[in-house]
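Please arrange chain B on chain A, whose structure you already have, making use of the hints.
If you read the sequences in order, they're chains A and B. In terms of our numbering, the first sequence opens at residue 1 and continues consecutively. In terms of our numbering, the second sequence opens at residue 1001 and continues consecutively.
One should not assume that every hint holds.
Listed next, with one range per pair, are the computed distances between beta-carbon atoms [stated by the list, open to error]: (1) Thr401/A with Asp1058/B: 14 to 24 Å; (2) Asp387/A with Leu1018/B: 17 to 27 Å; (3) Leu1084/B with Leu199/A: 50 to 60 Å; (4) Arg167/A with Asn1123/B: 53 to 63 Å; (5) Met325/A with Asn1097/B: 32 to 42 Å; (6) Lys400/A with Ser1080/B: 44 to 54 Å; (7) Leu199/A with Ala1063/B: 31 to 41 Å; (8) Ala1063/B with Thr401/A: 45 to 55 Å.
In silico contact screen, one side only, chain A against chain B (beta carbon under 7 Å); selected entries [what the hints assert, rightly or not]: (9) Gly136; (10) Met376; (11) Val385; (12) Lys415.
Since the hints were derived computationally from the structure, they do not count as laboratory data. Here a beta-carbon is modelled for each residue, glycine too, at the ideal position from N, C-alpha and C.
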Amino acid sequence: MERYWNEEIECMSRDDMKKLQDQRLVAQVKHVYDNVKYYRDLMDEKGVKPEDIKSTDDLHKLPFLSKADLREAYPYGLLAKPLSECVRIHSTSGTTGKRVVAFYTQHDIDLWDDCCARAITAAGGTKEDVCQIAYGFGLFTGGAGLNGGSHTVGCLTLPMSSGNTERQITFMRDMGSTILCCTPSYAAYIGETLQEMGLTPDDIQLKAGIFGAEPWTEEMRKSIEKSLGIKAYDIYGLTETSGPGVAFECSEQNGMHINEDNFIPEIIDPDTGEVLPEGEVGELVFTSITKEAFPLLRYRTRDLCVLSRKKCSCGRTLIKMAKPMGRSDDMMIIRGVNVFPSQIETVLIAEGYAPNYLIEVDRVNNTDTLDISVEMKPEQFSDKVKDMQDQERSLALAIKTMLGINPKVHLVSPKSIARSEGKAVRVIDKRKLHD
Amino acid sequence: MANVRQISVFVDNKPNQLTGVMKLLKESGINIRALSIADTKDFGILRMIVNDTEKACDTLRDASYAVTVTEIIAISIPDSPGQLSRVLDILGGEGVNLEYLYAFTGASDRAVSFVIRVDDNENASAALTKGGIIQLTENDISEM
Chain A
1 MERYWNEEIE
11 CMSRDDMKKL
21 QDQRLVAQVK
31 HVYDNVKYYR
41 DLMDEKGVKP
51 EDIKSTDDLH
61 KLPFLSKADL
71 REAYPYGLLA
81 KPLSECVRIH
91 STSGTTGKRV
101 VAFYTQHDID
111 LWDDCCARAI
121 TAAGGTKEDV
131 CQIAYGFGLF
141 TGGAGLNGGS
151 HTVGCLTLPM
161 SSGNTERQIT
171 FMRDMGSTIL
181 CCTPSYAAYI
191 GETLQEMGLT
201 PDDIQLKAGI
211 FGAEPWTEEM
221 RKSIEKSLGI
231 KAYDIYGLTE
241 TSGPGVAFEC
251 SEQNGMHINE
261 DNFIPEIIDP
271 DTGEVLPEGE
281 VGELVFTSIT
291 KEAFPLLRYR
301 TRDLCVLSRK
311 KCSCGRTLIK
321 MAKPMGRSDD
331 MMIIRGVNVF
341 PSQIETVLIA
351 EGYAPNYLIE
361 VDRVNNTDTL
371 DISVEMKPEQ
381 FSDKVKDMQD
391 QERSLALAIK
401 TMLGINPKVH
411 LVSPKSIARS
421 EGKAVRVIDK
431 RKLHD
Chain B
1001 MANVRQISVF
1011 VDNKPNQLTG
1021 VMKLLKESGI
1031 NIRALSIADT
1041 KDFGILRMIV
1051 NDTEKACDTL
1061 RDASYAVTVT
1071 EIIAISIPDS
1081 PGQLSRVLDI
1091 LGGEGVNLEY
1101 LYAFTGASDR
1111 AVSFVIRVDD
1121 NENASAALTK
1131 GGIIQLTEND
1141 ISEM
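Just chain A, with the same shape it has in the complex:
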């Protein structure tokens, strides 16, 4: 039988949900207009007043926010509460220039925990479960979000963080973990390690996994389910909106229910900004209607996606989003880290290289690999192998410092990387991330 964490909300009629959204949106727009000068200026520029927003039908009148706005307003420009009311920050993975810092009041943390509790419950979790959190802990939202959700549900929580896989498996066996939360690629790796240790899914108690923070395919889902003997559920979120738990999968395992009592989704044409009707592919936009400290209105996620109100067999009425099917910008997610080609370019220039490069991303044994070929300038060439390898290593280190992940750098001959007319092909992503 399907269990709900908050049945009233999760199974609310569309009319009641819309009423709730209308009322929350109106209050939120006023809160933002009164407290966030940055957004007030955007609204004034567009000639929109808080009074013009009477219901969700008026949502399209509001200006968009994008990552560029977050950068410009860094660090406090979008804060809507005094810092003294805030209790925590989280931040997107280690990148200069593109860093996003999100603020939370205790109320925001509680709402977030509640969203994650819904996800855990939808995956079959109750207070009888042992929930192992193998997402990274720290500024990253993955660990903190599911940890909070697990506490809220009342599971015995193992805040493992990621890494040290054999120890993960030892705890999994000794504590009888029943739910695993981590990135899908790490889940796959745990499955492989289990096998290498001569163990089978029968040696562990896991029954479900909640996996997110990076794209994964149905194929990968099946392989993880088999290697760990579980049902694998997807979860979606981003630091800008709070973290994981914006949307979660139910027993149907076919798309994620959006917690639309907190986040109103829209699908827009990424070029024109026009709102698209339900069922069309476009860019996913979220409006936070309950968050206090960092309430982003009409935030463009850059994820390309489809929404559906088709009746779900789980009984939830919350709108469903399909797995994102790509990006409307050039961001890649590599080992759970957001990577823009422009970041790599910045390092190349700072290190004295020409910005002629080719990024190749692949997935080998369920781990993402990042190879960067960089054209050397003629004067950077030395007849000594060691000098060349030192140059490659020091460039790899500089890129690692910027991105937080280790690339393989290959120096190549000047002018050997194909120049195309118009837009250069900078990235080859060989991973099969979307079905």
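Chain B in isolation, oriented as in the chain A frame:
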């Protein structure tokens, strides 16, 4: 004293890279006197002594190859056991660091020639002279 110039060319780890270099040299009528390739997983470094260093460099650079010219020491030693070991002892005794070396065919079948790349040409050259090792000039090599 030695003053022999070696051309090094960066070679990408892709098919037909070496062919490309050789074709250019052939078209320019360049004769290669000595050659070695250092290869890594990622790339190769082709090192050569040729009969016309300037022309070879210009040709390769025009074709966008990364090229560098380094002064190396070239020696000729008798083709008998223990000769190279003697040379290395002389260099080691002076504290000269050897980066790499390679052999090439000399004029005589009783002698063998080597290219020696060290971190201190002056010191190495003086030590070799003192040790009675014959050093070749660029002229010697092109007349071989």
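Taking the hints in turn, this is what the structure says about them:
1. Thr401/A with Asp1058/B: 14 to 24 Å: At 39 Å between Cβs, range violated.
2. Asp387/A with Leu1018/B: 17 to 27 Å: Holds, at about 21 Å.
3. Leu1084/B with Leu199/A: 50 to 60 Å: holds (56 Å)
4. Arg167/A with Asn1123/B: 53 to 63 Å: holds (55 Å)
5. Met325/A with Asn1097/B: 32 to 42 Å: violated (57 Å)
6. Lys400/A with Ser1080/B: 44 to 54 Å: holds (52 Å)
7. Leu199/A with Ala1063/B: 31 to 41 Å: Taking Cβ atoms as reference, leucine 199/A and alanine 1063/B lie about 57 Å apart, which means the hint is violated.
8. Ala1063/B with Thr401/A: 45 to 55 Å: violated (35 Å)
9. Gly136: violated (31 Å)
10. Met376: holds (6 Å)
11. Val385: Given a least distance of 5 Å, the restraint on valine 385/A holds.
12. Lys415: Result: holds, 4 Å to nearest chain B Cβ.
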